[in-house]
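Those protein sequences? They're chains A and B, same order as listed.
In case it helps, this note's numbering puts the first sequence at residues 1 to 333.
In case it helps, this note's numbering puts the second sequence at residues 1 to 333.
Derived from the structure by calculation, the hints contain no laboratory data.
One copy or two, it doesn't matter: identical chains are merged, so the pair holds either way.
Cut-off 20 Å, straight-line C-alpha distance, at most; resulting in silico cross-link-like pairs (EDC-like, lysine to aspartate or glutamate): (1) K10 - D173; (2) K216 - E73; (3) K125 - D173; (4) K216 - D74.
Protein chains: 2
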Amino acid sequence: MKKERIFVFKTKPTIISHAAVVGKKEGEGPMGKEFDYIFEDSKAGQDSWEQSESRIHREAVTRAIKKSGYKNEDIDMIISGDLLDQCTGTAFSIKDLGIPFTGVYGACSTMALSMLVAATMTEAKLCTNTVAATSSHFCSAEKQFRMPLEYGGQRPPTAQWTATASGAVVVSDKGKGVKITSGLIGTIQDMGITDANNMGAAMAPAACDTISKYLKGTKTKPSDYDMILTGDLGVVGTELLLELLEKQESIDISGVHNDCGLMIYDLNEQDVNSGGSGCGCSGAVVCSNILRRMEEGELKKILFIGTGALLSAVSPLQSEPVPGIAHLVCLEA
Amino acid sequence: MKKERIFVFKTKPTIISHAAVVGKKEGEGPMGKEFDYIFEDSKAGQDSWEQSESRIHREAVTRAIKKSGYKNEDIDMIISGDLLDQCTGTAFSIKDLGIPFTGVYGACSTMALSMLVAATMTEAKLCTNTVAATSSHFCSAEKQFRMPLEYGGQRPPTAQWTATASGAVVVSDKGKGVKITSGLIGTIQDMGITDANNMGAAMAPAACDTISKYLKGTKTKPSDYDMILTGDLGVVGTELLLELLEKQESIDISGVHNDCGLMIYDLNEQDVNSGGSGCGCSGAVVCSNILRRMEEGELKKILFIGTGALLSAVSPLQSEPVPGIAHLVCLEA
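For reference, chain A alone in the conformation it holds in the complex (with noise of 0.2 Å):
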């Protein structure tokens, strides 16, 4: 096996500030009170789903600006992507702020792509301050990925709900906060995965792939991480990888795991059959909770390993497969 190239940064890159921001269901998750604001309506006083995604989106990354004591032109770069075809949730949302935009594209791995992006422009000494974030929305994704909301279209065991949701921090290479000290941007995993409604099967081979090459690149072992947390690979994607660690690299991270997926909803009572998932899932839930449980000092170094499905609307009808990606940031308090 290729030794894959561990990105370690000597500059520690920090997140001087975060927020998250979601819609109505996220917010009535136990979660609840972990977020910045709750839009209680889903189109966020916006005319299309897609609008209101933007409107979500601009409202974390202006939320985190502000928190950061920074004002929009101390910000060098905005590093950002979302789900919506050509990324338009992102672009909307953030044209008139006036920063410098880096698109970047990861399905929902987004959150831990955009990070290391950041990280990268720090540690090339490019940057001072950047913004990396990261949305998405239940609407526009189910319009746009498989069906009109208003078709009424079953769910299988196996489908998770997009989050409405975005997260975003600032990182910078100085100020207080928790520190982005190394990574790993993965590699596209295709076990020829086909079923569109199972996207915690399409992942989680790349989320075991991205974690075994880190840890063994690191030599490091599960229990020296106060978490092992992956982005949405849900309940079905969840045990997946558990058994894909345990079987095929004897690694067993059960009792440091856990998933935003898993995290943002109550699965037995809000209907979300496997899960969450959606950029935005594992961006407000690491946005809010997971750094604001860093900053208080009862987790210390966890790893976040962000998961996309890499499909468009056409790909799955074509019989492509659906690959996956996973891209791992090490943070430490």
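For this one, chain A is given, so just place chain B on it according to the hints.
Here is chain B on its own, set in the frame of chain A:
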């Protein structure tokens, strides 16, 4: 005006190889002899336009790697993206190469953006060899953004022809070749353009903003460069750019300006209206003719400004404007 961050690459990331692969029409144009490979079949032997784009993209990436003398396992990262929904042109292209993947989205500016992110990873000393690439395909783009080809829709004179093309470079921290010495990541400009058949007008203000910020930030003038090359403004956008720079910024680049969208086709003979466009247009022109002329000493120092229009198939139907973005790369022989 906020002073934009000019990215100055002290490590001088080097383009050690490049490849350009195109379709039949591009092969019949004035650059025909420059390209590494021409697919005579629009479907490139595949079953769909989308798969054809992925095939062409993969051909450019694998040819660039082969020409570098390295093997896949020596490449630390592919940085790439395209115009297809969820960047599936790229994902399905490279999924079996076993190389870590950073997905970027900059619409038709993607070649410049991927080169800048590659150079940033080199500058941060996180990668040794990276691939920066992009692609577009006339048929997959028409199908997705405009009309089914079979409809035979009339194209207004302002419309551009999406190039069936892909370009790729291998960027290394050592070796011989053209250097990426500096750059500027652009800021979204929204002038309220709503005509999805006039991308040149949507992108020209962004090119104007990026070029003037870079020239002012580096205290250089147009005559310091052998060429100021925009991505795909075409006839309409080029005229607007020259006028905007002259009137708003008192900068005259007319003596050194060219545009990949004006170079890739014979505008009199090939029925492409306002010229070429698409990520692959500037990708293929830069990764063939331009880099060859730099390597041969004809061009010593150029600015390449990738230009992108940030729309989806949905956004114009929702009366959204078409914001533009432009990313600049300074290349030195």
